[in-house]
Amino acid sequence: MTLFDAGKVCLFSKISGVITLDGKPVANAKITRTVNLNKDKVDHTYTDDKGYFEMPAVFQRTVTKFLPQEFVANQEIVVRHLEKDYRIWSSVKRTPEENSEARGKDLVVECELNSEETLITVNNSPIFSLCKWNVEPDPKRKIF
Amino acid sequence: MTTLNPDQSAKLADDVYTLTRLRTLEDAYKYLNTEYAGVFSFSEKTLTKGKTGGPGIIKCKTAFGFTLLGQGSYSGQAFIIFRGTQYLADWLTNLNIGCSRSSFSQSVHDGFNIAFKSMERQIADFMDTVKNSGVHSIHCVGHSLGGALATLCGEWIKAKYGMKPYIYTFGSPRVGMSGFATTCTREVGKERIFRVYHKTDVVPCIPIWPYIHTPNKGTQYYLPSPGILPGAEYHGMNHYVASVQDKSWQTLSALKPEQKSDFSIAAWLKEEGPVGVTIKAVEWLDAAIQFVIRKCIGAAEWIVSKAMGTSATIMDRLAFILSDGVTLEENISAWVVRLIRKILSFLGRARHALSKAELSRTYIKSVLTDLQVKLNSIAQNALSSALVQGRAI
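Chains as they are written, first to last, in this note's numbering: chain A, 3 to 146; chain B, 29 to 421.
Simulated from the structure, these hints should not be mistaken for laboratory data.
Quick reminder that beta carbons are idealized off the backbone N, C-alpha and C, glycines included.
It is possible that some hints are incorrect.
What the hints assert, rightly or not - In silico DSSO-like links for lysine-lysine, alpha-carbon gap of 27 Å or less:
#1 A:K43 / B:K87
#2 A:K144 / B:K275
#3 A:K107 / A:K142
#4 B:K402 / A:K10
#5 B:K159 / B:K87
As the list claims (entries may be wrong) - Footprint (simulated), chain B over chain A, 3 or more residues, beta carbon under 8 Å:
#6 42–52
#7 91–98
#8 130–140
Claimed, not checked - Facing chain A, from chain B, some residues (calculated, C-beta under 8 Å):
#9 R49
#10 K58
#11 M265
Based on the sequences and whatever the hints tell you, model everything.
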């Protein structure tokens, strides 16, 4: 850790991918991403002709990284297409590290708007999503 | 077996952060269905009913806890789970915060008590459901401030409903004074209170005496953690989850915190040489303050705790007792001098010669306040210690 990075936490890692509806690319759809550590931060982008989009990582500088408290941040991505909103990603991020969503790999997703929402847990963070990406979910432990 | 094991209680204490942060109650139920299939399951019906008093979210200003009823082999068990807060440091380090009365009229930290009182109505609604659901075991679980709330909630359930709950806390700060610790331990039962803490977690070190931990009898679950500085890192719930993994309560109780006898405290106070800013020094100072005050006055804890109705702050009372000791016999005043010298050394203001005459009430109070400020800054500003460690490499 350099002094420059002190207190930097990652609220959402860089994400890229393709949006489809019934297998066909969704062009020019507005993508809204909301992250929240202690207040909402929102950014947007649009898909291109091939349904492709990308968004940079979101960082926040905070002294709280060093205080005795839990890191808990909300993540949400909504795609607006033909007057309809699709929640393609909703998660509670429980670790401040970058690329925790795909266990250190780049987060590259394929999202089919007309699919059933899945719930997987990665690095103790539950992710509700219409997307698929290359990641192994947390192993299930029999606790109860 | 109705006691939760360490893995189960740690998972609940960890998951409540997620549960209270999910966007909708529906998401929370889906998460519970996936992670706790068969223990907590929710149908579409439970969702749409949305009745108060059932399983669900406990709200303060934001969602702060979760209430659940067990099913299947967990039927007859109720769960009340609290999360911590990002404002914990502010609460603990507020020097002006006073005391208030708990459900059994004992002195507790006002910040924790106010937080609990603000949720009491909702938990009472849940308890109405609990009473009508044939529940035989109630589990109060929490990490950090959530641990303090779980402790207060446990005491409240006993006082109000006559039921003895189980209390599980991870890295909890000290909730109340001696009277509270004794009453809560006796009423709930020492074998039903599981307090888990890491050696180098700073939060269980504060607030300093006269606040003490609950239970004050029975078993403590003291977990080893690296480092000699009290810090923020091992307060993290992820470390608690890892430390208790696959272990039983019995295994976790194997390590005992160092017992400080009057003899060893006296020896420590007599030792010359600098006092470092270490977790050990904090523990010794805490024990030494109690030791010297006991020397000065027989039932100091009783006096300090009963005096809370007056406008005097805790620091005023301690300073009063200690300065009174200075005017007493020689063998007692010598202990006060040694204690103040130790504190000054901890503060980085070591003094070789310190005369009795200097030890006025005002001076002692200022030294005690400085000690409190220093301990608070260790907790609140673990940032600097993280940076110092970084530079040291």
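Against the structure, the hints come out as follows:
Between K43 (chain A) and K87 (chain B), the direct Cα distance comes to roughly 23 Å. Compliance with the 27 Å bound is thereby established for this hinted pair. Using a Cα cut-off of 27 Å, the hinted pair K144 (chain A) and K275 (chain B) holds, with the two alpha carbons roughly 14 Å apart. A distance of roughly 21 Å separates the Cα atoms of K107 (chain A) and K142 (chain A); the hinted pair therefore holds under the 27 Å criterion. Our distance criterion of 27 Å between C-alpha atoms is met by K402 (chain B) and K10 (chain A), whose separation comes to about 26 Å.
Simply put, K159 (chain B) and K87 (chain B) have alpha-carbon atoms about 21 Å apart, close enough for the 27 Å limit, and the pair holds. By the rule of at least three residues with a Cβ nearer than 8 Å to a Cβ of chain B, the coverage given for the segment 42–52 of chain A is violated, with 0 such residues. Check result for the segment 91–98 of chain A against chain B: holds, 4 residues qualifying (beta carbon to beta carbon below 8 Å, three or more required). Under the rule that three or more residues need a Cβ within less than 8 Å of chain B, the assignment of the segment 130–140 of chain A is violated, with 1 such residues.
A hinted interface residue such as R49 (chain B) counts as satisfied when its beta carbon comes closer than 8 Å to some beta carbon of chain A; here the least separation is about 5 Å, so the hint holds. Restraint check, K58 (chain B) versus chain A: the minimum CB separation of about 6 Å is within 8 Å; hint holds. With a least beta-carbon distance of about 6 Å to chain A, the hint placing M265 (chain B) at the interface is held under the 8 Å criterion.
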